[in-house]
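Colleague: So you can see what is in the structure, the chains are spelled out below.
2 protein chains.
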Amino acid sequence: MDLRGKMEEKYRNIIIDYLRDQSEQTLYQGQKFSRELIEKKISPEEIVSLHKGLLLDLYPNVPESVIHSFDVLLEVMVGYGLAYREHQSLRNKQM
Amino acid sequence: MDLRGKMEEKYRNIIIDYLRDQSEQTLYQGQKFSRELIEKKISPEEIVSLHKGLLLDLYPNVPESVIHSFDVLLEVMVGYGLAYREHQSLRNKQM
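Chains A and B supply the protein sequences, listed in that same order. Read in order, the letters of the first sequence are residues 18 to 112 in our numbering. Read in order, the letters of the second sequence are residues 18 to 112 in our numbering.
So here's chain A without its partners, still in its complex pose (with noise of 0.2 Å):
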């Protein structure tokens, strides 16, 4: 399993975990887990996506809208993503 399929399932854990139990446990190792996402450079709109995309496994009824309404969160966490990387190359080439 490459990189982002081993993220995928983890992210997917955490989640069927969390809507089991709601646990502040369970939201502590989503702490964890985005620092270890943010070292391996996964950008935040590859969250939002993987997030869309779980749910439409897990929930195939959820209203459409609901769905179109992460291609706006996506768009804008491109934004964020782009930001970051930015910040980290001007970064680089201050070092």
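Straight-line alpha carbon distances no greater than 30 Å define the calculated DSBU-like cross-link-like pairs of lysine-lysine that follow:
hint : chain 1 : residue 1 : chain 2 : residue 2
1    : A       : Lys69     : B       : Lys69
2    : A       : Lys27     : A       : Lys58
3    : B       : Lys27     : B       : Lys58
4    : A       : Lys58     : A       : Lys110
5    : A       : Lys58     : B       : Lys110
6    : A       : Lys49     : B       : Lys110
7    : B       : Lys49     : A       : Lys69
8    : B       : Lys110    : A       : Lys57
9    : B       : Lys57     : A       : Lys57
10   : B       : Lys49     : B       : Lys69
11   : B       : Lys69     : A       : Lys57
12   : B       : Lys69     : A       : Lys27
13   : A       : Lys110    : B       : Lys49
14   : A       : Lys49     : B       : Lys57
15   : A       : Lys69     : A       : Lys27
16   : B       : Lys58     : B       : Lys69
17   : B       : Lys69     : B       : Lys23
18   : B       : Lys23     : B       : Lys58
19   : B       : Lys57     : A       : Lys69
20   : A       : Lys23     : A       : Lys57
Quick caveat, the hints were computed from the structure, so don't treat them as lab data.
Starting from the known structure of chain A, arrange chain B on it as the hints suggest.
Modeller: Positioned in the frame of chain A, the structure of chain B alone reads:
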């Protein structure tokens, strides 16, 4: 209306427009809005939280699990927001 109120209204309008027409043009509005949010130092997790609230508002019957799933996405985005702010503050120190 304060800055956050204005941003919320703008995001709400983009989402509503997009759900009506699903046009590339509306997605482009989302892209421009993203730059505005970053300039105004709005964090990515604030947008995810706003998105969650909007879905609840627009679709009160959306499955509870879909809404809960946003807590995990939010937690992950907190990490991205933090990493970005750390980068910014490091860069400011270097300048």
